[in-house]
Each structure stands twice: as structure tokens, then as C-alpha cells.
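Residue numbers (the working numbering), protein chains in the order written: chain S, 1 to 500; chain B, 1 to 168.
Simulated from the structure, these hints should not be mistaken for laboratory data.
Take the hints with a grain of salt, since some may be wrong.
In silico DSS-like links for lysine-lysine, alpha-carbon gap of 27 Å or less [as the list claims (entries may be wrong)]:
| id | chain 1 | residue 1 | chain 2 | residue 2 |
| --- | --- | --- | --- | --- |
| 1 | B | Lys132 | S | Lys383 |
| 2 | S | Lys383 | S | Lys222 |
| 3 | S | Lys285 | S | Lys295 |
| 4 | S | Lys222 | B | Lys80 |
| 5 | B | Lys132 | S | Lys222 |
| 6 | S | Lys383 | S | Lys295 |
| 7 | S | Lys351 | S | Lys138 |
| 8 | S | Lys295 | S | Lys284 |
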Amino acid sequence: MHDLLANLALGFSTALTLPNLGLAFIGCLVGTLIGVLPGIGPIATITMLLPITFNFDPVGALIMLAGIYYGAQYGGSTTAILVNIPGEVTAIVTTLDGHQMARQGRAGVALGIAAIGSFFAGCVSTLVIAALARPLVKLAQLFGPAEYFALMVMGLAFAVVLASGSVPKALAMILFGLLLSAVGTDLETGVERLTFGIPALTSGIDFAVLAMGVIGFSEVLKNLEAPEQRSAAKQPIGRLLPGREDLERSAGPILRGTLLGTVLGILPGNGAVLAPYASYTLEKKLAKDPRRFGKGAIEGVAGPESANNAGAQSSFIPLLTLGIPPNAVMALMVGAMTIHGIVPGPLVMTKNANLFWGMIASMWIGNLMLLVINLPLVGMWVKLLDVPYRLMYPAILVFSCIGIYSVNNSPSDVVLTGVFALIGYALLKLGFETAPLLLGFVLGRLMEENLRRALLISRGRLATFVERPVSAGLLVVALIVLVAAVLPAVRRGRAEVFTE
Amino acid sequence: MSERAEVPENHAAGRSAIQASQNLIAGLALIAIAAIALGASADLGEGRFYAVGPGLLPRAVATLIGLIGLALTAGSLIRKGDALGRWGLRGPLFLFLSVAAFALSIRTVGLALAGPVAVLVSGAASPETRPKELIVFALVVTALSICLFRYLLHLPIPILIIPNVLVL
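Using the sequences provided together with the hints, build the complete structure.
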């Protein structure tokens, strides 16, 4: 306990310096901005800003990037409530009851409870990260290559189950990601693999290139096809502070949402995305009168909003303690850390203590800032939606091109991004999801490395993965999860969660 | 040019033998990916388990992808599913051209020209584009990004290059 306080004190003393406060503020502001704008997400933004962080010190750089990530979660829900456009995937659930509340003239209360719930969730999950960090790091130090490999297999198994579409298609995308990660020069033997003699591919595919193409640009293509839909009638926002009755109704959902989000966010397979859905389903099941849901029930805003923020925060845990990025944004954080010569993993906490605790403290500060940025400035954020998409997408394209070019100062990276945009578009049309693809890509290299190392240590005995208890346990969990996913009962449950 | 490429659609309306054209194409695409990867990694050594070679993982993964592809293809012939939707041609084509134009010009003439070119070409991707508005917008965006990326953030992006005369 004393340790925890001392560490948090170190964190706050790092995060509260003027430059770091400024960077956290910029991060939250930019995050809210892109959260509000549909069609540009944290992945594209962080990719664009990655080269800029060369000039910052590592703590400040990561504080800013983290701010963008959770700022986007806040911004996404603002537009979900006011104009029924979820700025981010995680805000889709919020449109159900949040926008209904807005139609009843209670937009302010919906925004208020979303902010309060998110802030509460942010505080709790910050504490959870701080408390769990040390035990998890201790655990991670016991991990050998076999355990790491098994852990990543488990993460990928979760990713398959958490994907919303068909299980075989999600599995195929993960494998495709693994395949793409193998492109380039083999680290151990120096042999070129799957490069087709193209020089640009010899050093492998850059994560930023793949992510920007497959997610960022193909999102633009998707939006170009969909006719613009904007709810023209804007209701007055009304008072922001929820009344006593609203607070009483929301307290339970906020608590449960926070818990759900924190737990799901820790899963190394992007559980955070599922958190708001799970929370909504739970609240609906618990409600005395479930018919109120979908018609402006405040519980349907409070729960999912807390869950998504808690999940966003706790998804830092696998990255900071184990060095395993649970989703695409965290994979970009790995990139940002490596730029500054920091190897993500259990050593970060001891070797870069001020970075580790500084980031955690900045999350709490960032949440406070978001409260301030969001509520009074709501009107301004909504005005941004008046920018027509026909102007927004060329700007997104140019900024993205500049960003991609700057990562390695390489024009061929830009072309490659264009190629991946076409691939991403085709995958979308064929009903494949691209999130599992990215996760497979991210974990691919780490997995292969650990697999080879584990086999080397065991002198080529595959049985090593089941003989070591921890690794066997993790693999069993992965198997159970996968088998469960194809069982009819669970499948129906999944469909229910994702269609609501 | 035509605005959308028509792809034959299979509404599972009775007579058609194919129940799920989306999954059929998806399955075939996976088989193609697997075949390409297997072909490209054919000459890589697999090694032994105690010294895994560079070819083991790509080939194992490609094989699994191929198997899923086969399963999807087979399933699409038996079970009902989604039909293959419409594929836009205009959007993907001009987006790619815009990105490629940027890549070709950024190092040769610099951002001052690459920016507007990319904006203008990408404008052709949407039917809603208004030409005059876009030209003004292209200049504004370029000026803005020059200020932001080059002068505020000090990224080493060439602004304007005239061979033998000027490099900015």
C-alpha cells in the first residue's frame, strides 16, 4: 500500500510538470476532435502523429498519444448522443438510449451522466492498473518463451470470439495477419520471405502502413459509398447535471459497467470493444422494466459509457506489464515506445519507473481534463459535424499520406498503404473484419520469435507447451474459448449481444 | 466512366445453385492467398523443430488459411448466406490514384504540389465534389500542412523542388 502511494506520487510529480500537462491537454483535445468526427479514428491519428513525437521526450509523447486514445472515447459518445452518429465503434451502444434521451430534451443529462460515469470509471481503472501492475510484472518475469507463446494464442482465441462476424472468417483474418507479419527478412536466418522481390518489402510491412491502409483508408471508401446521414433537427441540450433520481438510477449501472469494462479490457484480445455491449445487455437483464431500454433509459447510457472508458484504460495493462498489445491502438503505442528505445514489457516498470507511473497518473489527469473540455464545449464540437464529408475525406487523405511518408521518409510506404486500402476494401466487401487481421499481424512476430525460442530451449520437443503448467493452462483456456464460440448456445448469445 | 461496377448478384432466389455468393468469393479469395503464400515460400527451409527454419510458420499458416477457404467455399454451396454486394469502382480507383500521385510527387516536386494534386485527384472519388470549392480547399489544406508539419513540427518533408534551381 505504501509502495502504491509512493509510486503514484512519483507518477503525479512526472505528469504534473508543465510540458506534460500541456501534452496531455493537446492529446485530449485532439482525441475529442477525432472522436467527434466520424471517419477518422484514433488509429489514423496516432499514426499521423507518431513521427512528430520524435522531437518529444518519451514520457510526454506517450502521455499525448494515450490522451488521444481515451479522448476519442469521450468524443465518440458526444455525437452518439446528440446526432445519433457514433464517432467511434465503442459508442454505438450509446446511440440506442442516449439519442432517445436527446430527443426527449434530455441531451444535457445524457452527456452529463456519460461524463460522470466515464470519469468514475477512469478513476477506478487507473487505481486498478496501479494496483495490478506490480503483481502482473512479477508474474510476467516467471514467463518463458513457451508461456508467452501460449498467452498470445489465448489472446488471439479471445479476439476470434469477440469479433462480431463469423468465427471461421475471424480466424482466417488472424491467420492472414500472421502471414503478413512474416513478410520481410527473417530475423534469425536473414532469408527474405514472401517479398516477391519487391525491395520495399525486404524490411517487412510497417504496422502504420497496414493499419492506415486496411482501417483508415478503407473506412474512407466505405463512407464514400454510404449516403450522408445527418439528423438535421438539433434539440436544445438542456441542463447538464443529472437530478437526484437520475443519479440513483445510474449508480448501479456505473459501478457494474466499470467492473465489466476493467475486466474485459485486461483480456489480451481487445475485450474493451465488447465492454459497452456487455454492459448494455447486463443492465437490460437486470432492469425491472426492460421495455424502457431503447426509449431513453438513463441506465443504458450510464453503464456502457462507464464500461467503454474503463475498458479503454485497462487495455493498457497487458501492454505495460507483459509487453503484449491487446489491440491496434496499443500496437501503435509499442511503435511509439520503440522509437524512443523503450522495450515494452515487464522491465518498463523498473527501468522507466517515471514513464510507467507518469502515464498512469496522466490518465487520471486526462480524465479530469476531458470533463472540462467536453461539457462546456459541447456546442462547439457539434458544430464540427457541419463540415461536409466531401471536404473532410480529401483532408484526411492528405494528412494521412504526410503521416505515412514521415514514418520512414519513404514514398513506397505511401503506395503500399494505397494497396492495403484496396485489400481492406475487398475484405470489407467479402464480409471479413479487419480488426483481427491487425491483431494477428501485431502478435505475429512476437509469437514466431517465442515459438522458435521455446522450441530451441526444449530441443525441438513440441510437448514443452503442454508440459509447462502455466503454458498448458493458457492453451486450455484458448481451446475452451474457441470450442465454446462454435457451440450453438453461445453463438446465439453472441448474436444477441451484437445485434442489440 | 460508369459509376459503379456491376458484379453479378446472386439473390438466393430459388434456382441458383449458389446459396451464399459472398462466402463463395471469400472462400476462393482465401484459397488464392494460401496458394500465393505457399508458392512464394516453397523455397524456404522448414528446418527441424529444434531449429525452426524461416519457412515453417508461413507455410503452416498458409495451409490453415487454405483449409478455412475450402470450408467457406464448400459451406457457401450448401448453406444460405449473404449475397455479394455492389462493389464501387470510382472510390477505390481515385483513392489509390490520389495516394500514388502523392507518393510519386512528394520526393520529386515537393509537398507544395503533391498536396493539391492528391486533394484534387481524390475529389474525383466522390460524386458530391464541387470543383471550385475543392480547388480552394486544396490550396488551404496544403498551406496548412506545410505550416503545421514542416515549420511547427519540423518534419523533414520537401516543400518545393525545382531540379538544379531550388530545394526548399
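Satisfaction of hint between Lys138 (chain S) and Lys351 (chain S), Cα-Cα up to 27 Å: 14 Å, holds
Proposed proximity, Lys222 (chain S) with Lys132 (chain B) (alpha carbon, max 27 Å): Distance of about 25 Å is within 27 Å: holds.
Given hint Lys383 (chain S) paired with Lys132 (chain B) - CA-CA distance at most 27 Å: Roughly 24 Å separates the two Cα atoms, so the pair holds.
Distance restraint between Lys383 (chain S) and Lys295 (chain S), which requires alpha-carbon spacing of 27 Å or less: 26 Å, holds
Agreement of Lys383 (chain S) and Lys222 (chain S) with the hint, judged by alpha carbon distance not exceeding 27 Å: At roughly 23 Å apart (the allowed maximum being 27 Å), Lys222 (chain S) and Lys383 (chain S) satisfy the hint.
Pair hint Lys285 (chain S) and Lys295 (chain S), alpha-carbon separation not exceeding 27 Å: 16 Å, holds
Pair hint Lys222 (chain S) and Lys80 (chain B), alpha-carbon separation not exceeding 27 Å: Cα-Cα ~25 Å, so holds.
Restraint status (C-alpha distance of Lys295 (chain S) to Lys284 (chain S) at most 27 Å): OK: Lys295 (chain S) and Lys284 (chain S) at ~12 Å, within 27 Å.
Hint violations for this structure: none, all hints satisfied.
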